[in-house]
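**Student:** Sequence:
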Amino acid sequence: QAGYAMTVIALGCWIVSLVEEFSTLSHFTNAVYNLPRRWRTQYSVTRDPMTSEVAGEYVAISYCRVLITTVLKIIPRFVILILLLFVGSVYIIQTLNLSDLLLNALALGLVKDTDELIFSALMSRSGKQIVRTMKPLPVYFTRADRRCDGTPCKLLVLGLVLSAVSFLLLDNFQERLLQAQAILCSGNLDFVYVENPVTGV
69 QAGYAMTVIA LGCWIVSLVE EFSTLSHFTN AVYNLPRRWR TQYSVTRDPM TSEVAGEYVA
129 ISYCRVLITT VLKIIPRFVI LILLLFVGSV YIIQTLNLSD LLLNALALGL VKDTDELIFS
189 ALMSRSGKQI VRTMKPLPVY FTRADRRCDG TPCKLLVLGL VLSAVSFLLL DNFQERLLQA
249 QAILCSGNLD FVYVENPVTG V
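Every position in the sequence shown, counted from 1, becomes a number in my numbering once 68 is added.
Please note: incorrect hints may appear among the correct ones.
Each pair of labels, with its calculated beta carbon distance range [claimed, not checked]:
1) S192 x L223: 39 to 49 Å
2) S167 x T114: 49 to 59 Å
3) L228 x V139: 27 to 37 Å
In short, the hints are calculated from the structure, not lab data. Idealized CB from N, CA, C, for every residue including glycine.
Input sequences plus hints: build the corresponding full structure.
**Tutor:** This is the structure we're talking about:
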């Protein structure tokens with residue numbers, strides 16, 4: 069039972085991190101789709117007279133760029149998050165040693181943050197400067213969006229996903245472990261054995 073509870077806690081932590089990624093992706097999608105559309109992308113640069121810092125801002129986005137962002141950014145990231153949810157959950161569930169459970173959960177977090185590590189390590193200094201000075205894209209929330217983005221809704225999604233993963237994956241795996249234990253350890257255990265010195269069996 070302790071192993072089951074620890075596995076559920078590790079799964080909960082993993083799913084919480086993915087819910088955060090889904091929320092970030094939904095905000096990015098909202099910002100991109102609510103930018104004004106033009107045939108060419110319009111970008112403005114302003115300089116702060118007090119600090120002399122330069123800041124860039126998207127004024128409008130082209131139809132082609134919206135399509136490219138959807139095909140190469142939004143859809144692949146959504147698919148990757150779904151795959152991470154499934155593969156990561158299976159990876160945590162199939163960890164038999166309790167001492168390795170939290171380590172494996174932390175390792176999954178490192179896999180999730182690989183894109184940030186690649187950006188930090190390989191992006192040029194000028195590229196990092198451009199990203200750092202970009203103004204955030206505005207996100208427009210309707211009343212329904214505010215409800216869906218609230219804490220109660222996120223807790224509901226977390227509970228539903230955790231319950232589904234536990235029912236479909238964890239309970240099934242635990243049942244197979246109990247069956248294997250019954251096959252290997254049940255029956256008449258009142259016996260002795262000797263080792264053959266020739267074969268070692």
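**Student:** Work down the list of hints and note, for each, if the structure agrees.
**Tutor:** Hint check results:
1. S192 x L223: 39 to 49 Å: 41 Å, holds
2. S167 x T114: 49 to 59 Å: Holds, at about 54 Å.
3. L228 x V139: 27 to 37 Å: 29 Å, holds
Consistency note: the structure conflicts with none of the earlier hints.
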